[in-house]
Amino acid sequence: MINKKKKTCGVNYDQYIYRKVLTIVILVILTFLTALFAISAGSADIPVIEVLKALFGLGAEKNVLVTVNIRLPRILMAIVGGIGLAAAGCVMQSILKNPLASSSTLGISQGASFGAAIAITFLGGGAVMGNTADAVTVNNPYLTSICAFIASMFVTFVILGLSKARKASPETMILAGVALSSLFAGATALLQYFSSDVQMAAIVFWTFGDLGRASMQNIQVAATVTTGALIYFMFNRWNYNALECGEHTATGLGVNVSRVRLIGMTVASLTAATIVSFVGIINFIGLIAPHIMRRFVGNDYRYLLPASALMGALMLLISDTFARLIISPVILPIGAITSFLGAPLFLYLIFKGVSHNAEN
Amino acid sequence: MLKIDALEFGYRSNCKILDRIEFDVANGECVAILGNNGAGKSTMLKCLNKIIAPQKGRVVVNEVDILRMTRLDIAKNTAYVAQKSEGSQITAYDAILLGRKPYIKLAPKKEDYEIVEKIIESMGLEQFSLRYIDELSGGELQKVMIARALAQEPKVLLLDEPTSCLDLKNQLEVLKLIQNITKEKEIAVVIVIHDLNLALRYCDRFLFLKDSEIFCYGGLDIMTSENIGAVYQVPVVVESYQNQKVVIPLT
Numbered sequence: 001m002i003n004k005k006k007k008t009c010g011v012n013y014d015q016y017i018y019r020k021v022l023t024i025v026i027l028v029i030l031t032f033l034t035a036l037f038a039i040s041a042g043s044a045d046i047p048v049i050e051v052l053k054a055l056f057g058l059g060a061e062k063n064v065l066v067t068v069n070i071r072l073p074r075i076l077m078a079i080v081g082g083i084g085l086a087a088a089g090c091v092m093q094s095i096l097k098n099p100l101a102s103s104s105t106l107g108i109s110q111g112a113s114f115g116a117a118i119a120i121t122f123l124g125g126g127a128v129m130g131n132t133a134d135a136v137t138v139n140n141p142y143l144t145s146i147c148a149f150i151a152s153m154f155v156t157f158v159i160l161g162l163s164k165a166r167k168a169s170p171e172t173m174i175l176a177g178v179a180l181s182s183l184f185a186g187a188t189a190l191l192q193y194f195s196s197d198v199q200m201a202a203i204v205f206w207t208f209g210d211l212g213r214a215s216m217q218n219i220q221v222a223a224t225v226t227t228g229a230l231i232y233f234m235f236n237r238w239n240y241n242a243l244e245c246g247e248h249t250a251t252g253l254g255v256n257v258s259r260v261r262l263i264g265m266t267v268a269s270l271t272a273a274t275i276v277s278f279v280g281i282i283n284f285i286g287l288i289a290p291h292i293m294r295r296f297v298g299n300d301y302r303y304l305l306p307a308s309a310l311m312g313a314l315m316l317l318i319s320d321t322f323a324r325l326i327i328s329p330v331i332l333p334i335g336a337i338t339s340f341l342g343a344p345l346f347l348y349l350i351f352k353g354v355s356h357n358a359e360n
Numbered sequence: 001m002l003k004i005d006a007l008e009f010g011y012r013s014n015c016k017i018l019d020r021i022e023f024d025v026a027n028g029e030c031v032a033i034l035g036n037n038g039a040g041k042s043t044m045l046k047c048l049n050k051i052i053a054p055q056k057g058r059v060v061v062n063e064v065d066i067l068r069m070t071r072l073d074i075a076k077n078t079a080y081v082a083q084k085s086e087g088s089q090i091t092a093y094d095a096i097l098l099g100r101k102p103y104i105k106l107a108p109k110k111e112d113y114e115i116v117e118k119i120i121e122s123m124g125l126e127q128f129s130l131r132y133i134d135e136l137s138g139g140e141l142q143k144v145m146i147a148r149a150l151a152q153e154p155k156v157l158l159l160d161e162p163t164s165c166l167d168l169k170n171q172l173e174v175l176k177l178i179q180n181i182t183k184e185k186e187i188a189v190v191i192v193i194h195d196l197n198l199a200l201r202y203c204d205r206f207l208f209l210k211d212s213e214i215f216c217y218g219g220l221d222i223m224t225s226e227n228i229g230a231v232y233q234v235p236v237v238v239e240s241y242q243n244q245k246v247v248i249p250l251t
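Order-wise, the sequence lines are chains A and B.
Numbering follows my numbering, in which position 65 of the first sequence is assigned residue number 65; successive positions increment by one, without gaps.
Numbering follows my numbering, in which position 32 of the second sequence is assigned residue number 32; successive positions increment by one, without gaps.
A few of these clues could be false.
[To be verified] Rough simulated footprint, nothing fancy, chain B against chain A, three-plus residues with beta-carbon under 8 Å:
{"no.": "1", "segment": "231–242"}
{"no.": "2", "segment": "246–252"}
{"no.": "3", "segment": "298–304"}
Hint data in this document are derived by calculation from the structure and do not stem from the laboratory.
These numbers were taken from a predicted model, which means no experiment stands behind them.
C-beta: ideal position from N, C-alpha, C; glycine also.
This is chain A alone, in the form it adopts within the complex (with noise of 0.2 Å):
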């Protein structure tokens, strides 16, 4: 690459980007161990090596339907929706200038709400009386998710035919966005006051989320929106670090700034959308993740999108077994999970005021 010789302040650029790779290579070796825990910890403890066997359809059938059937999936939809998630959020941090844009603070997960709630009231979403570990579950859980995704990208578009409108200004989008989710949220309030005591449950419970609810197929579409969000999120990392210099400096570098923050404002919100029309509301991954990760790799997308992705995976993983395991069988409601363990974490990392110096 460039010299190795040179040295530039006392520290060679090669291991400073060095550090920042080694960053994202412990962040991938710790989500690893971590999934490979959260699989074999449960209700049913299984250890490690009879996990590894299972995934290959080896070892006692017990397990391989546990691992396979149960724990797998959500392990994956932990992954891929933490990695959605917070790219999303890393992104809409970028392109809006705000530090407090993420999919729950711009009307997106208010809307899947509302979507829900619509088909949980209306359209025979609605809920029965559940088994075991659930009181209540939703009895439609596709239509549910549609509707979801569909209100979701309903506030999408509105935010942003609202911003075109405006020359596709942050200001105007995060107001936008501001307000839309005050509109959803007391929407579903409304409906929620007008449907009987069940489906006010179920509509409750949808919001609360669940990693346990994606079904393989679910995974896999998310996946694939995820990966294509973040191949396309990689793509533009020039883009996000230019606009870290402002508007104008970036438009003189050649960035056309109105069409990279609408295109990665769709891409985002289709992501964040899709997550959370499978799973329902998770908060604050998206928010808190790309910060935490600011105060180890800094401001740089060639390495914050990848280092945020991680952290919301691994962030997710880790809140997901705490609910699991927390008072087993019982499983807690991940999105209330993410925030109890998330907001503490990060208020611990802002006033220990961990140093962000490149130099050190």
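Based on the hints, put chain B in the right spot on chain A.
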């Protein structure tokens, strides 16, 4: 060679910010754009590389109208340094590397890194090249932004009040740097500047904007108390001190 031909711009059709702007800048020449606040200096600069698209006119660089080029090609011909650069947690090195963005396809090549290293070395930025730009002083950040613009290898360099937030020492350092770059790289430089004495010291030609139009354009000979007084509505005298013209306000 930069040639601006009949440039017009207005935010509304009935309100022109720039009207019939015509001037040229030779390679290796630095032109100061002068005028009151709101005269359209910064707007004009942004029109020159289509950050703001002008309604009429041409901006010709080496016989080619850059307003007809793609944004990427414009970025290969002109570089723009904003009045106030935004700090971020990217290193000075990476901020300068961003100047290679118009040339980068998938990832920077060896030559991109070599160009960046050379600019860092020639501008003496080694001591803070691996610091985040939001930790740099105003002068250091401005130098990094100029270095980033140079990494674009432009034929025309556009600077919007590059010394507005700097102390005297940094003002002199940055303008000296720009003067040296203009001569060494043989590029055409257009600089929006408020300080008339700094303009007199470091620029080759001067363009006064008044009421959306060019009031006058030329060399040192147009820097008279009459012209300056008419543009700024402030009585001044232009004296000579050690073979250098200086403007002294009389109010």
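Each hint, compared with the structure:
| no. | hint | result |
| --- | --- | --- |
| 1 | 231–242 | holds (count 3) |
| 2 | 246–252 | holds (count 5) |
| 3 | 298–304 | holds (count 3) |
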